[in-house]
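Asks: Keeping their order, the protein sequence lines are chains D and C.
Under the numbering used here, the first residue of the first sequence is numbered 1, with each subsequent residue one higher.
Under the numbering used here, the first residue of the second sequence is numbered 1, with each subsequent residue one higher.
Careful: at least some of the hints might be erroneous.
Treat identical chains as interchangeable: a pair holds within one or across any two.
Capping the alpha-carbon separation at 20 Å, the derived lysine to aspartate or glutamate pairs in EDC-like fashion look like this [claimed, not checked]:
(1) LYS493 with ASP210
(2) LYS218 with GLU443
(3) LYS9 with GLU101
(4) LYS278 with GLU38
(5) LYS9 with GLU105
(6) LYS319 with GLU352
(7) LYS119 with ASP224
(8) LYS278 with ASP159
(9) LYS278 with ASP39
(10) LYS493 with ASP405
(11) LYS9 with ASP39
(12) LYS127 with ASP378
(13) LYS119 with GLU252
(14) LYS340 with GLU183
(15) LYS102 with ASP229
(16) LYS96 with GLU66
(17) LYS4 with ASP59
(18) LYS432 with ASP80
If you are wondering where the hints come from, they were derived from the structure by calculation, not from laboratory data.
There are 2 protein chains.
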Amino acid sequence: MEEKLTQLKRILGQVNDLNHTNALLEWDQQVYMPEAGEDERGEQIATISELAHTLFVSDETGQLLEDLKGLTAVLEPYSDEASLVRVTAREYEREKRVPAEKVAEFARVTSTAHGAWAKARQNNDFKHFQPHLEKIVELVKEYAGYFAPYEHVYDPLLDRFEPGMKTVDVKAIFADLRPRQVELIKAITSRPQVDDSFLQQPFADQKQWDFGIMVAEKFGITWDRSRQDRTAHPFTTTFGQNDVRITTRVHEDLPTSALFSTMHEAGHALYELGFDPKHRRTPLSDAASLAIHESQSRMWENLVGRSRSFWTHFYPMMKEAFPSQLGNIDMETFYRAINKVEPSLIRVEADEATYNLHVMLRLEIEIALMEGSIQVKDLPEVWNTKMQDYLGLTPPNDSNGVLQDVHWSGGMIGYFPTYALGNLVSAQLWEKMHQDMPTLEDEIRQGIFNTMLEWLRINIHRHGAKYETQELVQKVTGAKIDPQPYLRYLTAKYSDIYAF
Amino acid sequence: MEEKLTQLKRILGQVNDLNHTNALLEWDQQVYMPEAGEDERGEQIATISELAHTLFVSDETGQLLEDLKGLTAVLEPYSDEASLVRVTAREYEREKRVPAEKVAEFARVTSTAHGAWAKARQNNDFKHFQPHLEKIVELVKEYAGYFAPYEHVYDPLLDRFEPGMKTVDVKAIFADLRPRQVELIKAITSRPQVDDSFLQQPFADQKQWDFGIMVAEKFGITWDRSRQDRTAHPFTTTFGQNDVRITTRVHEDLPTSALFSTMHEAGHALYELGFDPKHRRTPLSDAASLAIHESQSRMWENLVGRSRSFWTHFYPMMKEAFPSQLGNIDMETFYRAINKVEPSLIRVEADEATYNLHVMLRLEIEIALMEGSIQVKDLPEVWNTKMQDYLGLTPPNDSNGVLQDVHWSGGMIGYFPTYALGNLVSAQLWEKMHQDMPTLEDEIRQGIFNTMLEWLRINIHRHGAKYETQELVQKVTGAKIDPQPYLRYLTAKYSDIYAF
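All chains, full assembly: derive it from the sequences and hints.
Replies: Structure, rendered in structure tokens:
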């Protein structure tokens, strides 16, 4: 068994190197690449993707997995060896169904589509993006086709980001969640609005940057293993166990944007930095799922970063950094302002109470696109109608509507629901953490995060991809994904802020 | 033939993507990578190198080349098709001799050695680098062994950077050059020294940066296809026809460093940006050799950038950028200062008159290392002895001596002589350009470079790797590499400045 594991790990190591290399090609494309490099970068990403795919789905990998399934069957299922074989086989069986040339085509099409989307968004011109998205939807449908028969056409798409999760389960969770969130928003919007006018003035770019860097360091990021750069859209990316990078954007007149995005991405980065190094260069050194990933980012951004406890420690520093803007603002006013609930157009800037509705809208559109009940050309209208239904708003243009998110240009259909699931998981973990560590809030009030981070490392991070989402949530909290903790959290928080 | 060419180009395209991807991995390592990413980056570079090598030397490539050699034999030898097959076959036959695992080992060893060298240099600790260099020398000897029998053990090393060139030729050229350069330096140093004391004061970092950017733009660099970043050691790297990047370093108290390094790297970049796009993703879209590459960088840096004509246009701007430092310095004084000749320790900061001696010293050491007449452990002593012989100086420490250059840590033994050859070629081309364009100096005096760049594009750049060095120099100037134009250039320049 040792020998076969070594052989398998050699292949997996090379595939891992190729995937991390692709991540660098994409990072550089977003961060530093000169404009005219676009087309060639697309070719490079396509080549690396195709080689990684071909290497991974080789007959040699297949034979080794077959042999090792037998050999590891006698082991404890969550032993390192059995887990490596199980998780690798799951990925192998998924990827094996997709022809290598489709992988390269997908990479090429999405690389070009990304540029087209950015331009369309800039020029508020959905028609410019439409043919690219039509091609992507066609490819994604083909992709789903490789997994027929399926319970639902959306299942294979969801499974790419949320292994083991089914469309029917997500729908059930959201059906439970939706009326309660709508009710909550109604309760909030019937109350007098909080004042956040003092946030609408210039906050110096560099000071915002420095404050975010300082908070990320407090959370546990060290710059020998990470860095932060500027991009149009914040993201986290991984080039190895010891090189996980985040990006942010600074808006001088929207000081919450950079800071909360840094906290969010730091949460993602701490997860990736916390994988057990012994699983390096294998599929176990990866997130359990995007919902688990998002549970980490949203926890640091919201449950920590938008809490009274957090600002008890950090607000004096914030005032010191921005004396002319915040000198006369007390912490309670600031706390309410950064937690203002207001139906709005842009998902990434949405408050915690309305955020999940943005996700549900996208999920419904994606399912309808896949089922064929709507067409790409109808998207702007469908989007605007649903925005009116869900949030009572109609976008003034497509840039602030259907064109706002990068995901579809990257072919990432099936991704959005993981954001909402992540919110739910974050609150479930949060309740459990407080049970396990009664002094947690005290520590946060003192700006101390190392015991919290240690809890996350032990319970979540180090496992990497060993457990599927529901297994991991069950293992840690004793229950599967449950909307109740998140609803309890939102209700407690906003009934206090809005006094209902 | 068309079909086989298409098949070959598909493989070459993928190999090219892998090589450009490796260039990005290395660029990022120098420019932005967090420190702890070092080891994993080495693994990634090793994997990509191995895959590129394996793909390139596959039996399929071999068979296609064999078939195409027959099919293109009837064509004009410098037709695109015949050239592609010839140049690809030359690379193929070289790479085919090296086992894939050696390629990966070489990449791994040099990646680690780079970090060790940087640390050794920082701490002035040759012993820390010694075992890494010993391993590299051993691997390089093994590499040469794959090419036995050879005329000289150094031939296969030289051939990596200077296809077609032999050690015996280089020795002959240098034997011709050396006494004349030594004589020239004697003539110069017997005369009163020029005054450059005004350069030894602080010049603001950002203003230096901006001035370099402006000059690079004037030369013809556009930032939609390029960018400049900061690194410890300036370099140029290519990720595709439309993405060629340069780096520089700014020393506030050495204002010539950043500016001339930007001009130098811009010269390299303009060469790579000028390859004919129709050869994109093939081995023809590459430099003819490093000597040709260096002829371009040294031309822009020295023949243009250190000339009276250049500063006639740019010195008023320089004075405007640095009024307190240069307000009282006239152009002639500035011109002499930036052309001061003084034997010195560091190659990259050396003046034009002494530069080639730095190269010859390194060449002799490399040849002796390969012949086995000296050992790695002896290098500091050998270095210092030769420095005394050649330049009359003894380095105060190894950081300013044997540890100063990055090349050996990257396994690039055989590289140094191309610097001196590049100097010679630059002057040969320069004479020819002036014959072809009698108004060239006038244009430079007006800060106009587009006709000069166009001449270089037509005569040098667009050909890429189609011609070998001697073929190209012969084609353009009517003679093979000849030290006389360079010696004429140096003598004319310095007899004027130093009045001898």
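Asks: Against each hint, give a clear statement of whether it holds in the structure.
Replies: Verification of the hints:
no. : hint               : verdict
1   : LYS493 with ASP210 : neither (29 Å within a copy, 51 Å between copies)
2   : LYS218 with GLU443 : within (12 Å within a copy, 58 Å between copies)
3   : LYS9 with GLU101   : between (25 Å within a copy, 17 Å between copies)
4   : LYS278 with GLU38  : between (36 Å within a copy, 17 Å between copies)
5   : LYS9 with GLU105   : between (28 Å within a copy, 18 Å between copies)
6   : LYS319 with GLU352 : neither (24 Å within a copy, 56 Å between copies)
7   : LYS119 with ASP224 : between (35 Å within a copy, 16 Å between copies)
8   : LYS278 with ASP159 : neither (26 Å within a copy, 42 Å between copies)
9   : LYS278 with ASP39  : between (37 Å within a copy, 15 Å between copies)
10  : LYS493 with ASP405 : neither (28 Å within a copy, 61 Å between copies)
11  : LYS9 with ASP39    : between (33 Å within a copy, 17 Å between copies)
12  : LYS127 with ASP378 : within (11 Å within a copy, 69 Å between copies)
13  : LYS119 with GLU252 : neither (23 Å within a copy, 40 Å between copies)
14  : LYS340 with GLU183 : within (17 Å within a copy, 80 Å between copies)
15  : LYS102 with ASP229 : neither (32 Å within a copy, 36 Å between copies)
16  : LYS96 with GLU66   : within (14 Å within a copy, 34 Å between copies)
17  : LYS4 with ASP59    : within (14 Å within a copy, 27 Å between copies)
18  : LYS432 with ASP80  : neither (26 Å within a copy, 68 Å between copies)
Taken one by one, the earlier hints fail for this structure at numbers 1, 6, 8, 10, 13, 15, 18, listed in ascending order.
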